[in-house]
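Assemble the complex: chain A is given as a structure, and chain B must be docked to it using the hints.
Single-letter residue listing:
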Amino acid sequence: MMLATGAQRARTVIVATLPPPAKLYGRALQGIFKRGGAAAELPSIRLVRPNVRLDPEQIGRYARVCGFIPEHGVPSTFPHVMAFPLHLMLLTDPKFPWPAIGLVHISNTVHMRNTLHSGQALRIEVESGTLVPHDKGQAFTLHTRIYRGGEAVWDAESVYLKRGVAGHGGSVLASDPPDIIEAPVLTREARWQLPAQLGRDYAKASGDFNPIHLHALTAKAFGFPRAIAHGMWTLGRTVAAIQPCKQLASANINGEFESPIFLPAETTLWTHASLTTARDFEVRDLAGERLHLRGRFDWELS
Amino acid sequence: MTTSALPIVRRVAIVGSNRIPSARSNTAYAAASNQDMLTFALQGLVDRYNLHGLRLGEVAAGAVVKHSRDFNLTREAVLSTSLAKETPAYDVSQACGTGLETVILVANKIALGQIDAGIAGGVDTTSDAPIGVNERMRKILLEANRSRSAAQRMSALAKLRPGMLVKPALPRNSEPRTGLSMGEHCELMAKRWKISREAQDELALESHRKLAVAYERGFFNDLMTPYKGLSRDNILRPDLTDERLAALKPVFDRDAGTLTAGNSTPLTDGASAVLLASDEWAAARNLPVLAYLTYSETAAVDFIDKKEGLLMAPAYAVPRMLERAGLGLADFRFYEIHEAFAAQVLCTLKAWEDDEYCRTQLGLDGPFGSIDRSRMNVNGGSLAAGHPFAATGGRIVGALAKMLSGEPGSPGATTRGLISICAAGGQGVVAILER
Numbered sequence: 000m001m002l003a004t005g006a007q008r009a010r011t012v013i014v015a016t017l018p019p020p021a022k023l024y025g026r027a028l029q030g031i032f033k034r035g036g037a038a039a040e041l042p043s044i045r046l047v048r049p050n051v052r053l054d055p056e057q058i059g060r061y062a063r064v065c066g067f068i069p070e071h072g073v074p075s076t077f078p079h080v081m082a083f084p085l086h087l088m089l090l091t092d093p094k095f096p097w098p099a100i101g102l103v104h105i106s107n108t109v110h111m112r113n114t115l116h117s118g119q120a121l122r123i124e125v126e127s128g129t130l131v132p133h134d135k136g137q138a139f140t141l142h143t144r145i146y147r148g149g150e151a152v153w154d155a156e157s158v159y160l161k162r163g164v165a166g167h168g169g170s171v172l173a174s175d176p177p178d179i180i181e182a183p184v185l186t187r188e189a190r191w192q193l194p195a196q197l198g199r200d201y202a203k204a205s206g207d208f209n210p211i212h213l214h215a216l217t218a219k220a221f222g223f224p225r226a227i228a229h230g231m232w233t234l235g236r237t238v239a240a241i242q243p244c245k246q247l248a249s250a251n252i253n254g255e256f257e258s259p260i261f262l263p264a265e266t267t268l269w270t271h272a273s274l275t276t277a278r279d280f281e282v283r284d285l286a287g288e289r290l291h292l293r294g295r296f297d298w299e300l301s
Numbered sequence: 000m001t002t003s004a005l006p007i008v009r010r011v012a013i014v015g016s017n018r019i020p021s022a023r024s025n026t027a028y029a030a031a032s033n034q035d036m037l038t039f040a041l042q043g044l045v046d047r048y049n050l051h052g053l054r055l056g057e058v059a060a061g062a063v064v065k066h067s068r069d070f071n072l073t074r075e076a077v078l079s080t081s082l083a084k085e086t087p088a089y090d091v092s093q094a095c096g097t098g099l100e101t102v103i104l105v106a107n108k109i110a111l112g113q114i115d116a117g118i119a120g121g122v123d124t125t126s127d128a129p130i131g132v133n134e135r136m137r138k139i140l141l142e143a144n145r146s147r148s149a150a151q152r153m154s155a156l157a158k159l160r161p162g163m164l165v166k167p168a169l170p171r172n173s174e175p176r177t178g179l180s181m182g183e184h185c186e187l188m189a190k191r192w193k194i195s196r197e198a199q200d201e202l203a204l205e206s207h208r209k210l211a212v213a214y215e216r217g218f219f220n221d222l223m224t225p226y227k228g229l230s231r232d233n234i235l236r237p238d239l240t241d242e243r244l245a246a247l248k249p250v251f252d253r254d255a256g257t258l259t260a261g262n263s264t265p266l267t268d269g270a271s272a273v274l275l276a277s278d279e280w281a282a283a284r285n286l287p288v289l290a291y292l293t294y295s296e297t298a299a300v301d302f303i304d305k306k307e308g309l310l311m312a313p314a315y316a317v318p319r320m321l322e323r324a325g326l327g328l329a330d331f332r333f334y335e336i337h338e339a340f341a342a343q344v345l346c347t348l349k350a351w352e353d354d355e356y357c358r359t360q361l362g363l364d365g366p367f368g369s370i371d372r373s374r375m376n377v378n379g380g381s382l383a384a385g386h387p388f389a390a391t392g393g394r395i396v397g398a399l400a401k402m403l404s405g406e407p408g409s410p411g412a413t414t415r416g417l418i419s420i421c422a423a424g425g426q427g428v429v430a431i432l433e434r
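Chains A and B supply the protein sequences, listed in that same order.
Once you know that position 244 of the first sequence is 243 in numbering that gives the first Met the number 0, the rest is easy, because the numbers rise by one and skip nothing.
Once you know that position 207 of the second sequence is 206 in numbering that gives the first Met the number 0, the rest is easy, because the numbers rise by one and skip nothing.
Chain A on its own, in the form it takes in the complex (with noise of 0.2 Å):
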């Protein structure tokens, strides 16, 4: 059920109810046969759910596929799978351009200000961003919102990629990063075995089906020859892996989407400590050659 409501910039829709899911994917593989090609600019909407609680069962289910432990509290990266259905709404509106499925998520950062617990209510608001020309295609942000009670208690952007359509202008958005001058020395921590199933499991804990994820013949079926990692599983483990067993009072996360993981996989993470409460990491592959995410987390002990 959906209430339109006036807006003066983005239209703001009320998601008082979520649509089952099954109708959201039903959406979204219609939308594939969408043929659009380099667009001027994104329907400018925010979609709400007023009254989201934390729920325990559901943070359980995706702690443990993360690898974080009831002393890490709310993950900080668990609010992302909460404001998921209002992305995976907005990218299959009848107004946006390019099919849901096909986009590359190419990055992700995550401000959590302040602890989340578990039974609370949220507020959590997601609308698109503007439009900006990428080397390989086109690119977008998602902002997602959280409130508490007014507080602004987390926010995130995601950044999504349409490749192949010609953007508008100059490259804005590289595929590359310019090069650090004097970049950390980054030394190996774990390595982490990622069954076939992996995707399977993130999907029940996230609500996330999106078919590349799940198994290696949905995967094919849009071009990949396995099943791939969900990149948002591998920031989590990554936080999971490094935060240290304590609820935090704040936490940035930034993390940038590199060559995909085809399931089963070996991989390694790489971290270097910038400070005591924060690191950059890398996750490669098992020979530590090939980059699969790079980013920086830091946080503040609650």
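Read the hints as simulated data drawn from the structure, not as lab findings.
One or more hints might be untrue.
To be verified - In silico DSS-like pairs for lysine-lysine, Cα to Cα no more than 30 Å straight-line:
id, chain 1, residue 1, chain 2, residue 2
1, B, Lys193, A, Lys203
2, B, Lys349, A, Lys245
3, A, Lys245, A, Lys22
4, A, Lys203, B, Lys305
5, B, Lys65, B, Lys158
6, B, Lys306, A, Lys203
7, B, Lys138, B, Lys158
8, B, Lys248, B, Lys306
9, B, Lys65, B, Lys108
10, A, Lys245, B, Lys306
11, B, Lys84, B, Lys209
12, A, Lys245, A, Lys203
13, B, Lys65, B, Lys84
14, A, Lys245, B, Lys248
15, A, Lys219, B, Lys248
16, B, Lys158, B, Lys193
17, A, Lys245, A, Lys219
18, B, Lys166, B, Lys248
19, B, Lys401, B, Lys108
20, A, Lys245, B, Lys193
21, B, Lys248, B, Lys193
22, A, Lys94, A, Lys203
23, A, Lys203, B, Lys108
24, A, Lys219, A, Lys94
25, A, Lys203, B, Lys248
26, B, Lys138, B, Lys166
27, B, Lys65, B, Lys138
28, B, Lys193, B, Lys65
29, A, Lys245, B, Lys227
30, B, Lys193, B, Lys306
31, B, Lys209, B, Lys349
Structure of chain B alone, referenced to chain A:
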């Protein structure tokens, strides 16, 4: 013992021990019962120390996984040995702490002068496990049993369904209050303490190598009686490599776990028994004294509300015991830390080195300390020898007593060994042996 108010408190000597080699579940001992294995381990001890026809003070033993018909398991086993049939016996159950707890119970009676000698032991089989009938079927059968008329009986039995036969009630290796298996609990601990997969695999590899060397040296020759074709633990893999361990997949948490079949103990069948006595009793029979049991402690943690790690109780028990004994963690020649999981051992060691944890959780002034790893589980541990739950305590006490007896030691100096065993239900049993 130092208490002077009770002049009858005596030193408790460990005279010797016997065990059967441990067998991976459903292998060599698949058809052996707890009764068979415990009887055999006891008889081996009786033979080795010539206890035939003797009336001992008591025999205490136990099993974690037990048939209801084995309500008097230990007494029945004693009756099958050549000990005097006047030897009393009883069963003990404290999960994986059973074996060491029986040693403590028998030792305390000897210390108090209630008995002069006794045997402590334990046995477990997960091959010959009790299978209960389906819970609904059980209720129907009980109802039929209560019925007074044939018609009532028939109406009860008419509720039976064929499906009940293929869905029996199996014993489960999980904590009743959390529903998590012990391995899942230990996964949480490994994450809490950030114990790497590599560190766990390394400990497992060391365990196998040290046990293999101990067998080569003949260390177990007078600690073991071959049984059903086995003369050494069939869990032991002398040719294990780190590559093979690294290739194993996590079993308790497939997506983000580090515990594998290689760095966790497998389900194991086995039995052990330890002969304890007063100095006088041993001297009168011209029997050796390998070591003395001096201090012991049990502890339990709140893994439900306070969310302490299920297998962290030994981390609490050891500092409490050492405070009573006036000893520090470094005052030991040997450390025997039961390797339920490599991660359990590593979590315990890391906890003792953690300043904040030692202050806030253990109530100490600072870090409890580090142990010299070259003194830990020097002849291998449960990862290589297996872990027949209730038999592990006896295996460790017997081996450590022998290790202490073999130390040259200087006159007047005491050589000590520390034992630490974690158990289900958030419990831990620890003890000190010395010589």
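Hint check:
1. B:Lys193 x A:Lys203: Answer holds: Lys193 (chain B) to Lys203 (chain A) is near 26 Å, not above 30 Å.
2. B:Lys349 x A:Lys245: holds, 16 Å
3. A:Lys245 x A:Lys22: It is violated: about 39 Å lies between the C-alpha atoms, which goes past 30 Å.
4. A:Lys203 x B:Lys305: Roughly 29 Å between the alpha carbons, so the hint for Lys203 (chain A) and Lys305 (chain B) holds.
5. B:Lys65 x B:Lys158: holds, 29 Å
6. B:Lys306 x A:Lys203: holds, 26 Å
7. B:Lys138 x B:Lys158: holds, 10 Å
8. B:Lys248 x B:Lys306: holds, 27 Å
9. B:Lys65 x B:Lys108: Status holds; Cα separation ~26 Å.
10. A:Lys245 x B:Lys306: holds, 13 Å
11. B:Lys84 x B:Lys209: violated, 40 Å
12. A:Lys245 x A:Lys203: holds, 26 Å
13. B:Lys65 x B:Lys84: holds, 23 Å
14. A:Lys245 x B:Lys248: holds, 28 Å
15. A:Lys219 x B:Lys248: holds, 26 Å
16. B:Lys158 x B:Lys193: Measuring from Cα to Cα gives roughly 52 Å; hence the hint is violated.
17. A:Lys245 x A:Lys219: violated, 41 Å
18. B:Lys166 x B:Lys248: holds, 29 Å
19. B:Lys401 x B:Lys108: Distance ~22 Å between Lys401 (chain B) and Lys108 (chain B) Cα, so the pair holds.
20. A:Lys245 x B:Lys193: holds, 12 Å
21. B:Lys248 x B:Lys193: holds, 18 Å
22. A:Lys94 x A:Lys203: With Cα atoms ~29 Å apart, Lys94 (chain A) and Lys203 (chain A) stay inside 30 Å; holds.
23. A:Lys203 x B:Lys108: Between Lys203 (chain A) and Lys108 (chain B) the Cα gap is close to 56 Å, so the pair fails against 30 Å, i.e. violated.
24. A:Lys219 x A:Lys94: It holds: about 28 Å lies between the C-alpha atoms, which stays within 30 Å.
25. A:Lys203 x B:Lys248: Answer holds: Lys203 (chain A) to Lys248 (chain B) is near 21 Å, not above 30 Å.
26. B:Lys138 x B:Lys166: holds, 14 Å
27. B:Lys65 x B:Lys138: holds, 21 Å
28. B:Lys193 x B:Lys65: Violated, because 36 Å separates the two Cα atoms, which is more than 30 Å.
29. A:Lys245 x B:Lys227: Violated, because 51 Å separates the two Cα atoms, which is more than 30 Å.
30. B:Lys193 x B:Lys306: holds, 17 Å
31. B:Lys209 x B:Lys349: Answer holds: Lys209 (chain B) to Lys349 (chain B) is near 22 Å, not above 30 Å.
In this structure, the hints that do not hold are numbers 3, 11, 16, 17, 23, 28 and 29, in rising order.
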